[in-house]
Amino acid sequence: MTVTLPSTMTAWRKHKGNPTPVLEQVPVPDAPPSGFLVKLLASGVCHSDQALLDVEDRPHFDERYTLGHEGCGEIVKIGDRVNDPRFHLGDRIALLAVPGCGEAHCPDCSRDLSQLCPNGQHHGIGQDGFYADYVAIDARGAVPVPDAVSSAAAAVATDAVNTAYHGITRRAEVKKSEIVFLFGLGGLGFNALQIVQSIGARVIVSDLRQEKLDAAAEKGVSQMDIVPRGISIPEFVSQQGLEGKIDTVLDFAGTNQTFRDAQQIVRRGGKILCVGTLDRKNELDMKIGIRKRLSIIFSYGGQYDDLVEVLDLIAKGVIQPQVETKGFLEFPQVLKDLCDGKIKDRVALTCQSCHIPETEETNMPPLPPYSYTGPVDCAIPPDKTKLVGKSVIITGGANGMGEATVRAFAEAGAYVTIADVNEGRGQEVARELSPNAQFVKCNITSWDEQVRVFEAAIANSPCKSCDIVIANAGISRASGDDLWLLDDPSGPPVKPDLRIIDVNMTGSLYTWKLAVHYFRKQPDVPERDRCFIITGSMVTWIDSPANWQYTCSKYGLRGLMRTARRSSWEQGIRINYVAPCYIKSAIRSPEYEAQLTSKGVEFAPQEDVAMCMMRLATDQTINGHSLMITPKSVAKEGFMDAGLDDHVEEGYLKQTQELQLRIIEDRWVPGWSKGRTAEGALRN
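The UniProt record's numbering puts the first residue of the sequence shown at 1, with every later residue one more than the last.
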């Protein structure tokens, strides 16, 4: 098995002093002599990730490191000194974040406390972890994964299951004959429940969330062993006749209240296992502890042999970790949802590379050929998590609805490149949204300046990509339209200034041409996109006297969309058209807006334009549509499908459209293979 490795990879990183994760490109490590280079397949998300982000400084932590301490991956390279016959290229392994140094003189490793060793690797805990495409790990931290165990389950097993298993079986030494009381049925606690059940002990459960209690019932816990919400723990124990009978309390919540209750309800000579840490300081009643001769046991992490046994139990179906999967780029939102209590169980990020191979072209997942399937459902809100880590170019993004769109995409986690002639305002917006926005001064009528925009966008993207391009820059009649001017009939005709056509049409065609070029460098992974959106206008469908060049340009851009949609799918490119109506703007005086309002004009906010753009950008099934921005009195979402780009009724236009598609060969031309003349024309 031979694997060609990239030189760089994408990783979610902790930067010293920054409480938010940073997505960036870092070098791909090599396999250590005594270990492996592993391509990550899944990485579990944990509350500890947020705790690590919130840590201001720890002396032994790296200034910058990759987060993630629960992982499962595939061996892609083996170190020279590894001769363990269990491991082969292509094998899946579960990754212990803290395997210890393994030295005989180590006071921790020599006492079977490898997870406490300060000298070994600490993946995701001050040193590079598993939220990346690849990781280098010592063989001491690699455990073979049985075929029956999914990569997501194996990843969370390394911590969420292993920690519970070690605490229950090694530290508390729970036996079949015991009665066990379990506080907390979260990510670790629900695994603890299944571990106790596998031992055969009776288990009583308590949790503040009814859905967790219901899940425990589904796992076979009898109703008499489920503490109803709202009742005090000592009262429940008394009612059930359990006073003096509870052998072990497993505190996977770790609040002051659960710790106090544990001391009250455990029998004399009983055990309290402390794993949860929701409260950092809990009250110990010394008289109770001494008089009852309690054993209060703390437990942290798990060890290699524990994980081997855990994976075997999962493979046999004895333990079934509750885990859902999310995309690698969704990490910040997943972590926020986890900390906000919106995620019931555990989440594993599916780790798919953002790296762009060093080839001229890669293949995206194919789009279907364009066909009309009905209007876009604008009531579906955009899934903003799909914008995290995306690289977005917005021309004309320094003001107005362009600026509103820049802000919306940057705040959703995209990396936005603003291309505009207004350097002062563009720089100001970029500084405000940094690091998710940058400004590149650009007159879009200049091909070379637009090339610099695309190159800058790719350089600034953590994935070195260009996913979404919004051709928004344009000017109106206010810039001067010579076609509207009447020349003196007694004099010579005056050549008109066609600057509106130059900016709106030629500039946007440059943007399209460059977008096609750079889109085709995208990696073949679901996290990437090839989305082109044109800012058009409602004048595409209505007469607008005196808007000669402006109307021509917007008609032309809609024509570009309708033409390109018939072949863009061949390159995995989506193209759509957004047509604003009257939009509120600071460039108009309040008096002028009042005048327009008095004539019946109803304005739409700029934010609706941004929301419409996001709806198109986050749904990879939308291609070849025109959406209109309308007042909310027309469409409650602020936008709607125009439904005017397809001939659905039988008649001559529909027949001619079908005929045109049959007789015109609308295929992309590989110009580089034919060669070009010095002027740029294709050779015959």
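In case anyone wonders, no lab produced these hints; they're calculated from the structure.
Because the structure is a prediction, the values reported are computed rather than measured.
Check each hint, because a few of them may be wrong.
Computed spacing ranges between beta-carbons, pair by pair [said to hold, decoys possible]: (1) Asp91 <-> Ser7: 20 to 30 Å; (2) Tyr592 <-> Asp482: 40 to 50 Å; (3) Leu498 <-> Cys339: 54 to 64 Å; (4) Ser232 <-> Asp91: 49 to 59 Å; (5) Tyr592 <-> Arg425: 19 to 29 Å; (6) Asp54 <-> Arg111: 44 to 54 Å; (7) Ile663 <-> Glu428: 20 to 30 Å; (8) Trp541 <-> Arg499: 22 to 32 Å; (9) Cys339 <-> Lys245: 48 to 58 Å; (10) Ile664 <-> Leu483: 46 to 56 Å; (11) Asp54 <-> Pro27: 23 to 33 Å; (12) Cys339 <-> Arg229: 48 to 58 Å; (13) Leu89 <-> Ser434: 35 to 45 Å; (14) Glu649 <-> Glu211: 46 to 56 Å.
Quick list of in silico lysine-lysine cross-link-like pairs, DSSO-like style, CA-CA up to 30 Å [what the hints assert, rightly or not]: (15) Lys287 <-> Lys342; (16) Lys16 <-> Lys281; (17) Lys281 <-> Lys292; (18) Lys176 <-> Lys384; (19) Lys584 <-> Lys636; (20) Lys441 <-> Lys584; (21) Lys292 <-> Lys245.
Every residue, glycine too, gets a C-beta built ideally from N, C-alpha and C.
These are the hints, each one checked on the structure:
1. Asp91 <-> Ser7: 20 to 30 Å: With Cβ atoms ~24 Å apart, the hint holds.
2. Tyr592 <-> Asp482: 40 to 50 Å: violated, 24 Å
3. Leu498 <-> Cys339: 54 to 64 Å: Taking Cβ atoms as reference, Leu498 and Cys339 lie about 56 Å apart, which means the hint holds.
4. Ser232 <-> Asp91: 49 to 59 Å: holds, 51 Å
5. Tyr592 <-> Arg425: 19 to 29 Å: holds, 21 Å
6. Asp54 <-> Arg111: 44 to 54 Å: Since the Cβ atoms of Asp54 and Arg111 sit about 31 Å apart, the hinted range of 44 to 54 Å is violated.
7. Ile663 <-> Glu428: 20 to 30 Å: violated, 52 Å
8. Trp541 <-> Arg499: 22 to 32 Å: holds, 25 Å
9. Cys339 <-> Lys245: 48 to 58 Å: violated, 37 Å
10. Ile664 <-> Leu483: 46 to 56 Å: violated, 31 Å
11. Asp54 <-> Pro27: 23 to 33 Å: holds, 27 Å
12. Cys339 <-> Arg229: 48 to 58 Å: The hinted range 48 to 58 Å is violated for Cys339 and Arg229, with Cβ atoms some 22 Å apart.
13. Leu89 <-> Ser434: 35 to 45 Å: Cβ of Leu89 to Cβ of Ser434: about 42 Å, so the range 35 to 45 Å holds.
14. Glu649 <-> Glu211: 46 to 56 Å: Holds - the Cβ-Cβ distance for Glu649 and Glu211, about 51 Å, lies within 46 to 56 Å.
15. Lys287 <-> Lys342: violated, 39 Å
16. Lys16 <-> Lys281: holds, 26 Å
17. Lys281 <-> Lys292: This hinted pair holds, its Cα atoms lying about 22 Å apart.
18. Lys176 <-> Lys384: violated, 49 Å
19. Lys584 <-> Lys636: Distance of about 17 Å is within 30 Å: holds.
20. Lys441 <-> Lys584: holds, 25 Å
21. Lys292 <-> Lys245: Given that 30 Å is the threshold and the Cα spacing comes to 13 Å, the pair holds.
Against the hints set out earlier in the document, violations occur for numbers 2, 6, 7, 9, 10, 12, 15, 18.
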